[in-house]
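Visitor: Given next are the chains, with one letter for each unit.
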Amino acid sequence: MSNLAKDAKKQSEPYDFVQIANSSKFKQLMSQKKRFLIPLTVFFLLFYFMLPILTSYTTFLNKPAIGSITWTWVYAFAQFIMTWVLCMIYVRKAIKFDHLAAEIVEETKLEGAKNE
Amino acid sequence: MNPIALMLFVIIVVITLIITYWAAKRTNTTSEFYTAGGGLTGWQNGLAIAGDYLSAASFLGIAGAIALTGFDGFFYSIGYLVAYLVVLYIVAEPLRNLGKYTIADMINARFDQKKVRGVAALSTITIVIFYMIAQLVGAGALIQLLLGIDYWLAVLIVGIMMTIYVLFGGMTATSWVQIIKAVLLMLGTVVISFLVLAKFNFNILTMFDEIKTLTPLGEKYINPGVKYTNSLDTISMMAALVLGTAGLPHILMRFFTVKDAKTARSSVVTATWVIGIFYILTIFLGFGAAAFVGAADIMEANSAGNMAAPLLAHALGGDFLMSFVSAVAFATILAVVAGLVLSGASAFAHDIYGQIIKKGKVTEKQQMKAARYASVAVAILSIILALFAQKMNVAFLVSLAFCVAASANLPVIIFTIYWKRFNTAGAITGVITGLVTALVLVAISPSVLNPDPGVAILTGTAIFPLTNPAIVSIPAGFLGAFIGTILSTKRDEKKYAEVIVKANTGMK
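In the order they appear, the protein sequences are chains A and B.
Plus 2 on top of the position in the first sequence (first one is 1) and you've got my numbering.
Plus 24 on top of the position in the second sequence (first one is 1) and you've got my numbering.
Just so you know, these hints were derived from the structure itself, not from any lab.
Take the hints with a grain of salt, since some may be wrong.
Claimed, not checked - DMTMM-like cross-link-like pairs, simulated, lysine to aspartate or glutamate; straight-line CA separation at most 25 Å: (1) B/Lys518 x A/Glu109; (2) B/Lys251 x B/Asp233; (3) A/Lys65 x B/Glu243; (4) A/Lys36 x A/Glu108; (5) B/Lys518 x A/Asp100.
Said to hold, decoys possible - Covered, in the sense of this in silico footprint (three residues per stretch, anywhere, with C-beta under 8 Å from a C-beta of chain B), are these stretches of chain A: (6) 25-35; (7) 50-60; (8) 84-94.
Keep in mind that this is a model prediction, so the values were computed, not measured.
Think of the CB as a built atom: it goes at the ideal place given N, C-alpha and C, for glycine as much as any other residue.
The following block holds chain A by itself, in its conformation from the complex (with noise of 0.2 Å):
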């Protein structure tokens, strides 16, 4: 193909994105991102309002702790540790989502040569 023929196809249409999208490694890759994101999206917002949910409404969370740190404090801390910890989480699972998309990208640019 010319060079000009290529510049031009690439234009067009690099890719059928449709038929990406219904492949089944695609498809496999959104469940997987669905199941994981999802539920602890809702979760991570659950726990983060039930704070001033709790505070607004109840006064339990005034009781102490540890010492003279009551369990305001306690749940205060506890947001801070599960942004970490689900920022780690994230991360390392995100490793997987990378590999499944970068064989997905593989698999295309593969067949687009064959195409040409």
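Assemble the complex: chain A is given as a structure, and chain B must be docked to it using the hints.
Guide: Frame of chain A, contents of chain B only:
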């Protein structure tokens, strides 16, 4: 004027100008101007995100709020940090994969329409203006207090500095100013926290025991409810904090400065560690100021408590430490406003001029020119607004910016990436509903209307009861996007296939 403080201020000015000179030579193309050529590493961008995010409101505002109201002040620290989970889990990687310079780019990756870009640029500009006025007003007041110069001169100095960074050094200079600021801020905060802990024999339990007897609030100091007595308002504010960050244009723009989604991810991780450690340490700043400066003295210096951290530094380490902390606060302000100028300029020059007016048919040279003119224009406009807004409440302006970001930007960003049926009509109605609801509800809230003259901006009775409208305006933004979508028959599943593949694989 304190000579050590003046010297440290001058050192910061000189160092940042040298960086700008160095960066100017690396800023020749539009991509270098807006995104430093996408060449930052993960840890560099992570520190820059922290530098962009931890504003004077965080450093001085939260330290003061904790010093004066105890646990209630710490609510901010929690919300500002957990927000990064929303950024990491939902927004960062797809945004990096789809966008180029602005949020509007990312939304336009799916809906290639001028109207969509226009409303996205409008909400970006609105957020940037509120945030910018807040920073400049805070900066003016602070430098006035620290150096004893007039408010207008202080605003002008900060304004000129931010213009120079952005105009000549673009994103490269801005990023390095933010990185240096993040390092200085962490250093200052760690030193003060260490000194505070030392006073309590390095025992946190002792600190909590003693703090209950050291403030006028007594036992109540360590319990919530001192400042926030309206339950719904507290929850509403917390919603704005946690969901707003993922819609802030100057923070999201930082994700375009790295080469791929993986690096965007690692920069959020670095940022989350730095920001998290900082916010934990705000406890020591606040408790320390409450214990060693005292509420009366803090209030006397500034009724909102903004001087708590510098006064604490003075109590612990004399003139030198206070000067250092003041210089850190100055660097903090500079780094944040530079980032804001850049994101405002990108909305004007790239979105409105380049893509809407010129329909993308602009040469590289014209784009650079537009970007530089826009930066100067944004800076001048902000300086003028800040000079007139001296009496505005800074915390109110910042919370308004977060509220608009969460209500107008976040719903549309999320639907663009995750909802197949979403369409152009939905994107437009989403942004507009979120934006208008947030602004109108604030305009009729107790923050603007108060029966006692002088307390709020206008005298009158508030129609909407909450000071922060997020709990209504965020759902309104989502609902607006949803209704707009289903009322229009338009759908483009082919385009969505492209967006979802690109967003999740980084394919170009």
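Visitor: With a C-beta cutoff of 8 Å, work out whether three or more residues of the region 50-60 of chain A approach chain B closely enough for the coverage to hold.
Guide: holds (count 8)
Visitor: Check the hint pairing B/Lys251 with B/Asp233 against an upper bound of 25 Å on the C-alpha distance.
Guide: Roughly 21 Å between the alpha carbons, so the hint for B/Lys251 and B/Asp233 holds.
Visitor: Within the region 25-35 of chain A, is the number of residues with a Cβ closer than 8 Å to a Cβ of chain B three or more?
Guide: holds (count 4)
Visitor: Is the Cα-Cα distance between B/Lys518 and A/Glu109 25 Å or less?
Guide: holds, 20 Å
Visitor: Given the hinted pair A/Lys36 and A/Glu108, is their Cα-Cα distance within 25 Å?
Guide: holds, 23 Å
Visitor: Hinted pair, alpha-carbon criterion (25 Å max): A/Lys65, B/Glu243. Please report holds or violated.
Guide: holds, 11 Å
Visitor: Against the 25 Å threshold, does the CA-CA distance of B/Lys518 and A/Asp100 hold or violate the hint?
Guide: holds, 24 Å
Visitor: Taking 8 Å as the Cβ threshold, is the statement that the region 84-94 of chain A is covered by chain B upheld or broken by the three-residue rule?
Guide: holds (count 8)
When each numbered hint is compared with the structure, no violation occurs for any of them.
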